[in-house]
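> Next come the chains, spelled out residue by residue.
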Amino acid sequence: MDIAEGFRNHKEKIVNKWVEYALSTYISSGFFVKERDQFANPVGGNIREALNRLFPLLVGGADSREFIAPLEQIMSIRSVQEFSPSQAVAPLNAIKHITREVFASDKERKHLVQELYDFEFAVDLAMLAAFDIYMQFRERLYQVRIAEIRSGSHILTDSRCPSKLLPEDNKRL
Amino acid sequence: MAVPKLQQLSKSVVQGPSLATGAIPTRDWMDIPVVFKSGNYAYPAKKDKVEYLNKQSGLHFPNAREWSPEDEDWKLPEGWQEIILKGLKERLEKFRSLKIFMDCCVRCGACADKCHFFLGTGDPKNMPVLRAELLRSVYRNDFTLAGKILGKMAGAREMTVAVLKEWFMYSYQCTECRRCSVFCPYGIDTAEVTMMIRELLHLVGIGINWILEPASNSNRTGNHMGLQPHTFKDNVEFLVDDVENLTGVKPNISFNRKGAEILFITPSADVFAEPGLYTAMGYMILFEAIGLDYTWSTYASEGGNFGLFTNNETMKKLNAKMYAEAKRLGVKYIIGGECGHMWRVVHQYMDTMNGPADFLEIPKSPITGTVFDNAASTKMVHISEFTADLIKNSKIKLDKSRNSHVKATFHDSCNTSRAMGLLDEPRYILDHVVDWVEMPENTIREQTFCCGSGTGLNTDEIMELRMRAGLPRANAVKYVHEKHGVNMLSCVCAIDRATLTSLMNYWNPEVGVCGLSELVANAIVQEGETRGELDEGLRTML
Ligand code: SF4
Ligand code: SF4
Ligand code: SF4
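So the protein sequences, as listed, match chains Z and A. Per the numbering used here, residue 3 is the first one in the first sequence, and the count goes up by one each step. Per the numbering used here, residue 2 is the first one in the second sequence, and the count goes up by one each step.
Quick caveat, the hints were computed from the structure, so don't treat them as lab data. Small disclaimer: the values here were computed from a predicted structure and weren't measured. All residues carry an ideal CB built from backbone N, CA and C; glycine is no exception. Wrong hints could be hidden among the right ones.
[As the list claims (entries may be wrong)] Covered by chain Z, according to a simulated footprint, are these stretches of chain A (three or more residues, beta-carbon under 8 angstroms): (1) 437-449; (2) 474-486.
[What the hints assert, rightly or not] Under the rule of at most 27 angstroms between Cα atoms (straight-line distance), these lysine-lysine pairs were calculated in the DSSO-like manner: (3) K6(A) / K15(Z); (4) K6(A) / K13(Z); (5) K333(A) / K317(A); (6) K234(A) / K100(A); (7) K365(A) / K398(A); (8) K36(Z) / K398(A); (9) K100(A) / K317(A); (10) K484(A) / K36(Z); (11) K47(A) / K153(A); (12) K6(A) / K109(Z); (13) K56(A) / K38(A); (14) K112(Z) / K6(A); (15) K38(A) / K48(A); (16) K98(Z) / K6(A); (17) K333(A) / K393(A).
[What the hints assert, rightly or not] FRET-style restraints, in silico, Cβ to Cβ: (18) A163(A) / R10(Z): 46 to 54 angstroms; (19) K90(A) / A71(Z): 53 to 61 angstroms; (20) S86(Z) / E91(A): 39 to 47 angstroms; (21) K153(A) / R10(Z): 51 to 59 angstroms; (22) A155(A) / R67(Z): 54 to 62 angstroms.
From just these sequences and the hints, can you work out the full model?
Given below as structure tokens:
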């Protein structure tokens, strides 16, 4: 039996464990795991969907640029939650350990553990990309903050007279 | 999961630098202290703003001082526990609803997963039931027999500094949106519990600047921005010029005109900040098209009422100003613009605070003759009700193709949808002016998800918090953006127009935000217009 078949047979189990692990990083993870309506449960829904998309890419030797979309789906969320950067990306790495464990506990597929090198390398690439994506979203967050300040709604506080912002000639009207 | 390496990974992750969100809690929620750090709390109110408010008649904002939530010592006044407990006692007597909310929760959990703050953070204290429990535990301790005898076993606890800090953290992670109450079999309104917690905190000088400064500005000059009458007037006139340039028709406007039939009041943000400006231009175009006899006021120059987010006295005072101005000008009634919480105050609280407004007439549209009986007591009609009635009676000419650059969806502001039941009028209007689609069913109408930044939480220092709280809303927008190519999120709330703009900039940068009246005005065909091709409607740069 080759590794591809091993992945095929265990895909559901591995991905489910992965999703559960990723969601266990939230204090009240029960609901995030259980509720399947993606609109009632956006964190659980998006993470589940993204990991399901990502897994076949990691397994199938896809170009690492293809990882970006599912990684963005996850990292856009984890970048604005109260995680440190390492905490934000750590669940991605978990797939390595989960896969080894699942294969190791299956007698017929034990030997496949030796062949995980390519897969694990793909996970490493995804991890590295996730750090960049994390930073992109933090950057976007700061941009949003700056845009809001520029938009004028900051005048709500520390109010200077807003007529200052009107063009000079308009003021004379 | 028995994976040794994985366990180690979890451990190092959980014990890493930020402990705020660990894994599964090992301690009871009551024992987990709150940690304030940059990004998770809004800045405290400035000393001079609190002092100013405290000096106003009928208002009470004691203990003005410099302080920071990150400091150990919050510089609370002497005997602060007694102040809080006495305040709670008074409120339990004054507001029967509060007493009921404290007593009747059966902890069924129906509300637990309905709050966008919980959904975005996974923090159990953001479950509405636990948010209310923050106050209820103290109530039990001091006001119920079981609590007095059994203490913690009965879910009771003493009022300590740690509890106070928790109150501050979680009453400012609630936008008082009332989504939870829709699902509660007893109708417990956690929004009102939050309001009470915030009131109690003000008694010992704990409040945030983003709320108290606009509230004090409103008290001083009539609007959040602190715009003085001449500036407010200039800003509106500036928009008149824009409208004339775009459409060739100059709207007739007036300020503080005695004897006008109608007083028009809208959030000041509409005449000042993008994208609200286009909504304000929309009102003018609509009123001009039907020849309405109305006036703006430079005193009642704000629909918003940040008093709602502080205490009932401030809310009452700011609401009274609109009616005092209506009386002074001798208008028949008021039309209110696209605002969220102004309507909450008018619809839910105004009657027992300042109403009924007997000196005004029951609103009757001068154009269609329709009588708005629903506003018989408050004498204030929502612009969407007014507009929908005009459309229904074919009193305005609309050309939908003028909005062909827009594929819209509609965000029900929690205030207008849940607190006043304005659900169908905006949809009726949309049907006539633009191509649009609904977001998924469990995210609209009564079940709408809040923008995540309401109740004065729309300040930039808590942007991360706002983004995670707004995720459920943004997630539904993303869906219609990807599935139907939606590029515009329309709404009828000025705070939304600002907060959803930031929310979209983060989650769905290709989706813009607009007020409903902007879409109406884009589509209006006016007599005498010399409008060129406006590819982006009122937003077109000439
Ligand atoms: S009112 Fe809204 S924000 Fe507050 S607890 Fe309920 S659902 Fe959450
Ligand atoms: S739904 Fe109502 S009764 Fe049930 S836990 Fe929530 S507040 Fe309590
Ligand atoms: S800003 Fe709008 S959506 Fe947000 S709390 Fe207020 S009314 Fe609700």
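> Which earlier hints can't be squared with this structure?
6, 8, 11, 13
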